[in-house]
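Engineer: Chain by chain, the residues:
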Amino acid sequence: MRLLEADVLVIGSGPAGLAAAYQARVSGAKRVTIIERNREPGGILPQCIHNGFGLRIFGRDLTGPEYAQRWLYQAQEAGVEIMTRTMVQSITPDLRITASGNGTLVDIKAKALILATGCRERPRGALGIPGARPAGIYTAGTAQRLVNIEGYMPGRRFVILGSGDIGMIMARRLTLEGAQVMAMAEILPYVSGLRRNLVQCVRDFDIPLYTSTTITEIRGRERVESVVMSAVDEHWQPIKGTQRELACDTLLLSAGLLPEIELARLAGVKLDPVTGGAMIDERQATNVPDIYAAGNMVHVYDLVDSVSESALRAGCKAAEACSGHEQPCEPLLPLVAGENVHHVVPQYVHIGAPRELIIELRVKLPLEEPAVVQLTAGDKLITSERLRYARPSEMIALRLRPEQYQQIGQAPCLRAAVVRASQIKTRG
Amino acid sequence: MPEQYDVIIIGAGVVGSLVARALSRYQLRLLLLEKHSDVAEGTTKANTAIVHAGYDAKPGSNKARLNVAGNRMYDNLCAELDAEFDRCGTFVVALSEEDLVTLGSLYKRGQQNGAAGLRLFNAEETLRHEPSLTKEARGSLYAASGGIVDPFQLGIGAAESAVINGVELMLETEVTGFLFEHNRITGVTTNRGDYYSRWVVIAAGLWADDLMHKAGLDGFAINPRKGEYFVLDRRSSEVVHTVLFPCPTPVSKGIMVTRTVHNNVLLGPNANTIRDKGDLDVSAAGLDEVWSGALKLIPGLAKRDIIRSFAGLRAAGSCDDFVIEIPGDPAGMVVLAGIESPGLTAAPAIAEEVVEMLREAGLELAPNTHFNPERKAVRRFAVLTRREQEALIATDPRYASVVCRCEMVTEGEIAAACHEVIPARTYDGLKRRTRLGSGRCQGAFDLPLVIGIMARELGISPLEITLKGGHSRFLARGTKEVDA
Chain A
0 MRLLEADVLV IGSGPAGLAA AYQARVSGAK RVTIIERNRE PGGILPQCIH NGFGLRIFGR
60 DLTGPEYAQR WLYQAQEAGV EIMTRTMVQS ITPDLRITAS GNGTLVDIKA KALILATGCR
120 ERPRGALGIP GARPAGIYTA GTAQRLVNIE GYMPGRRFVI LGSGDIGMIM ARRLTLEGAQ
180 VMAMAEILPY VSGLRRNLVQ CVRDFDIPLY TSTTITEIRG RERVESVVMS AVDEHWQPIK
240 GTQRELACDT LLLSAGLLPE IELARLAGVK LDPVTGGAMI DERQATNVPD IYAAGNMVHV
300 YDLVDSVSES ALRAGCKAAE ACSGHEQPCE PLLPLVAGEN VHHVVPQYVH IGAPRELIIE
360 LRVKLPLEEP AVVQLTAGDK LITSERLRYA RPSEMIALRL RPEQYQQIGQ APCLRAAVVR
420 ASQIKTRG
Chain B
0 MPEQYDVIII GAGVVGSLVA RALSRYQLRL LLLEKHSDVA EGTTKANTAI VHAGYDAKPG
60 SNKARLNVAG NRMYDNLCAE LDAEFDRCGT FVVALSEEDL VTLGSLYKRG QQNGAAGLRL
120 FNAEETLRHE PSLTKEARGS LYAASGGIVD PFQLGIGAAE SAVINGVELM LETEVTGFLF
180 EHNRITGVTT NRGDYYSRWV VIAAGLWADD LMHKAGLDGF AINPRKGEYF VLDRRSSEVV
240 HTVLFPCPTP VSKGIMVTRT VHNNVLLGPN ANTIRDKGDL DVSAAGLDEV WSGALKLIPG
300 LAKRDIIRSF AGLRAAGSCD DFVIEIPGDP AGMVVLAGIE SPGLTAAPAI AEEVVEMLRE
360 AGLELAPNTH FNPERKAVRR FAVLTRREQE ALIATDPRYA SVVCRCEMVT EGEIAAACHE
420 VIPARTYDGL KRRTRLGSGR CQGAFDLPLV IGIMARELGI SPLEITLKGG HSRFLARGTK
480 EVDA
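Listed in order, the protein sequences are those of chains A and B.
Position 284 of the first sequence, counted from 1, bears residue number 283 in numbering that gives the first Met the number 0, the numbering being contiguous throughout.
Position 74 of the second sequence, counted from 1, bears residue number 73 in numbering that gives the first Met the number 0, the numbering being contiguous throughout.
Read the hints as simulated data drawn from the structure, not as lab findings.
Treat the hints with caution; some may be incorrect.
[Unchecked claim] The calculated DSSO-like cross-link candidates involving lysine-lysine, where the alpha carbons are at most 27 angstroms apart (straight line), are:
| hint | chain 1 | residue 1 | chain 2 | residue 2 |
| --- | --- | --- | --- | --- |
| 1 | B | Lys302 | A | Lys239 |
| 2 | B | Lys34 | B | Lys375 |
| 3 | A | Lys269 | B | Lys302 |
| 4 | B | Lys302 | A | Lys363 |
[As the list claims (entries may be wrong)] Okay, the calculated bits of chain A under chain B, using three or more residues with CB under 8 angstroms as the criterion:
| hint | segment |
| --- | --- |
| 5 | 77 to 83 |
| 6 | 400 to 413 |
[Claimed, not checked] Here are a few chain B residues that sit away from chain A, every Cβ distance over 12 angstroms (derived from the structure):
| hint | residue |
| --- | --- |
| 7 | Arg71 |
| 8 | Asp74 |
| 9 | Glu180 |
| 10 | Leu231 |
| 11 | Thr248 |
| 12 | Asp278 |
| 13 | Asp287 |
| 14 | Leu364 |
| 15 | Ala381 |
| 16 | Glu389 |
| 17 | Val401 |
| 18 | Met407 |
| 19 | Glu419 |
| 20 | Ile459 |
All values derive from a computational prediction rather than experimental measurement.
In this text, a Cβ means the ideal position worked out from N, Cα and C, and glycines have one as well.
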């Protein structure tokens, strides 16, 4: 058994954990340690061998492993310690952590904790697809690991359910590895992943894409033999007579990501029923003193750069907290989702001392026309920004400047909304 | 002279395995045959996992008698086999005036059957025990002797205990017919050759009728009755503490809500008679039926807690009761058929009954003085104390390496399960022995790691690792390898 003390302990070494640890160290925390359960640091990044990472932060179009390596170098140079092959078993609200790995149990006492546990994929059980339960059903991320890390093809003829980013990227990857991708079925009337992946991974590779379509049955007793695809109506109910059987040996699921909150729950962190992730304030702080949360375990991001940026905030605040920096004591104002907003983060804002605040949100329904994102306090418009369009697949960020704080006044809550630009004009 | 067994048992489900174990207390040459790639692969692995008190069956029936007798044996049996068992009590909940009448007759029937610990509760008492229950509840029949069990560990444990005590087990061995001498069965033919025996016990669950026909016994049929289920996340303390049944109907005990021994919540089953004994599909309509049925008992269930659905087949026979008999023509055969609910509860009593039937029929039963009743399951790291965990890591550092994050299953447990008395040879086999992949992510995280560990421990290629034997391989080929 080992005993360890840390100023800031970070759980997870993905794009959030590495950035948070680096920033905590740079902001003055003496001993910063990351715990990573995998064999190698980087979280999910080592298996993301496609490009599209780091344009905003590093000004370069990097692959996942390259993006991880850059943060790893920075973190290591800053003096961050990383323990790989180690899994946290328990966290108490007073920040005593037990972990196991590398042939031993480790007890850790931390002054501040940053949860950067990322997200996981929605499995078949959560989707409730009827039919048989044979081998050959994988989440897209599991297939990605098998192909890119372990070096095995999990099948020969694939159907992909859902049009999340990992699913689209795997459609291209599997095609390049000599497999056939028979179809991609998306229950929504539009693609749920990023536009660039739709173009570069699906259209450029002639992958048949069916929107408003789902899988209504899996067939095959031992290994998947076929799936039945059906068109759905606006209530996602299969339309009779539209069934179509597709022969395949593998079904990949790319139907949503869920924040990984197992450890947050153990620590007593409050969760948002909409995002499924930790509830935070503008410092990325949770309701549990000295526990911060960053990245996809707060809400699932569209771009890795934003994940790391949220972690930089958490790292800085965690370092301040453990160096005895004064914590804000003014009241917390809830920030809530208004018109056409699915969810908004942070869920709480301190409104006393003005500080720059970044509000992140996703819309419910796509607006393929100019739109406006607004922040209001009661009847008062605090700030707004014009958007060329608003799509559920792309996160919208709104910056609130310190001087705009004063306008908030005595409102009971802040509200974010996304409306058509034309709607604003007619309202005058 | 070919090898001669004293008894061949066909079917290594919970019934066949417990029969084999019961017979292994005597000096007998015993062979247990199973056509699947693992033991406990049929109805044993997919049922509601309830140990019933014994108020359901008609007084005087085999079901009633063996249910009550089996129930009494559970504490001891599960302690010996290291299978989790919790006599948490069960409730039948009345939702109407009519239901209250049903409860009264169930109570009476239970007393006639000798079921222990029955009490009638009013609405208030019922809700005090199960606060999440619908406010429509009018009262309940409480059975203190009812409980829940881990059917995987019970089935595997029974078979392992049998093997420990000298029973030969052959997996992937399907009985294709019988060998006769005059009107006496003298053995079986299988896909792996012929085996001779003085007695043959049919404990083949869903396939009992097929074997009976092959032995020349007509007039009995298994009509498989499918039940579909949902498994909810391991947060049962917020939903249900025990076992909640609605009032029963003629075909089924109804859609129930129960805690499992691992603190998941199980919803189901519905009941549909089907023909195909291999049809374990779940249907959209069936799952809707289960969900709405469960909501009647617990209105606060949330769909986002669902982690899996599955279906199981009950081996319902064409006559109402368990068939437990020595037909006489042909001689040399014991038939155990139609072992539907409460078959799991009755199984240990059925096994004892078979021993007595064979004794009466003239099989010489000299005690096996080396009989060892104890069998140990793979140790579950997650439930050990800190000190026990440290001790285990000291014996094998792989116990410090967590592979399944949801259920906290370590590499040490996976390796151990691959080298048990009956080794785990498939992913599902591993799952039932260790709970690997039974959590919220359903194996999405652990699978790539487990394939590597199993391949190493079993000494085979990762390409050969299967979900459940046969053609259920996970991997098609290495990357960069070209298909022929």
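Engineer: Starting from Lys302 of chain B, check that the Cα of Lys363 of chain A is at most 27 angstroms away, please.
Structural biologist: holds, 21 angstroms
Engineer: Per the stated criterion, does the least C-beta distance between Leu231 of chain B and chain A lie above 12 angstroms, as a non-interface residue requires?
Structural biologist: Non-interface label fails for Leu231 of chain B: nearest chain A Cβ at 10 angstroms, not farther than 12 angstroms.
Engineer: If we take the beta carbon of Val401 of chain B, is the closest beta carbon in chain A still more than 12 angstroms away?
Structural biologist: Non-interface label fails for Val401 of chain B: nearest chain A Cβ at 4 angstroms, not farther than 12 angstroms.
Engineer: Please verify that the nearest CB of chain A lies beyond 12 angstroms from Thr248 of chain B's CB.
Structural biologist: holds, 24 angstroms
Engineer: Determine whether the non-interface label on Leu364 of chain B survives the test: each CB of chain A must be over 12 angstroms from its CB.
Structural biologist: Consistent with the label, Leu364 of chain B stays out of reach of chain A, its closest Cβ about 41 angstroms off (over 12 angstroms).
Engineer: Should the label of Asp74 of chain B as a non-interface residue stand, given a Cβ cut-off of 12 angstroms to chain A?
Structural biologist: holds, 31 angstroms
Engineer: Would you assess whether Ala381 of chain B, listed as outside the interface, keeps its beta-carbon beyond 12 angstroms of every beta-carbon in chain A?
Structural biologist: violated, 8 angstroms
Engineer: Just double-check Glu180 of chain B for me: nearest Cβ-Cβ distance to chain A has to come out over 12 angstroms.
Structural biologist: holds, 38 angstroms
Engineer: At a Cβ distance under 8 angstroms, does chain B reach at least three residues of the segment 77 to 83 of chain A?
Structural biologist: violated (count 0)
Engineer: Does Glu419 of chain B sit more than 12 angstroms from chain A, CB to CB?
Structural biologist: Check passes; 23 angstroms lies beyond 12 angstroms.
Engineer: Checking one constraint from the list: CA of Lys269 of chain A to CA of Lys302 of chain B, max 27 angstroms. Satisfied?
Structural biologist: holds, 20 angstroms
Engineer: Hey, is Asp287 of chain B genuinely clear of chain A, shortest beta carbon separation above 12 angstroms?
Structural biologist: violated, 10 angstroms
Comparing the model with each earlier hint shows violations of hints 5, 6, 10, 12, 13, 15, 16, 17, 18; every other hint is respected.
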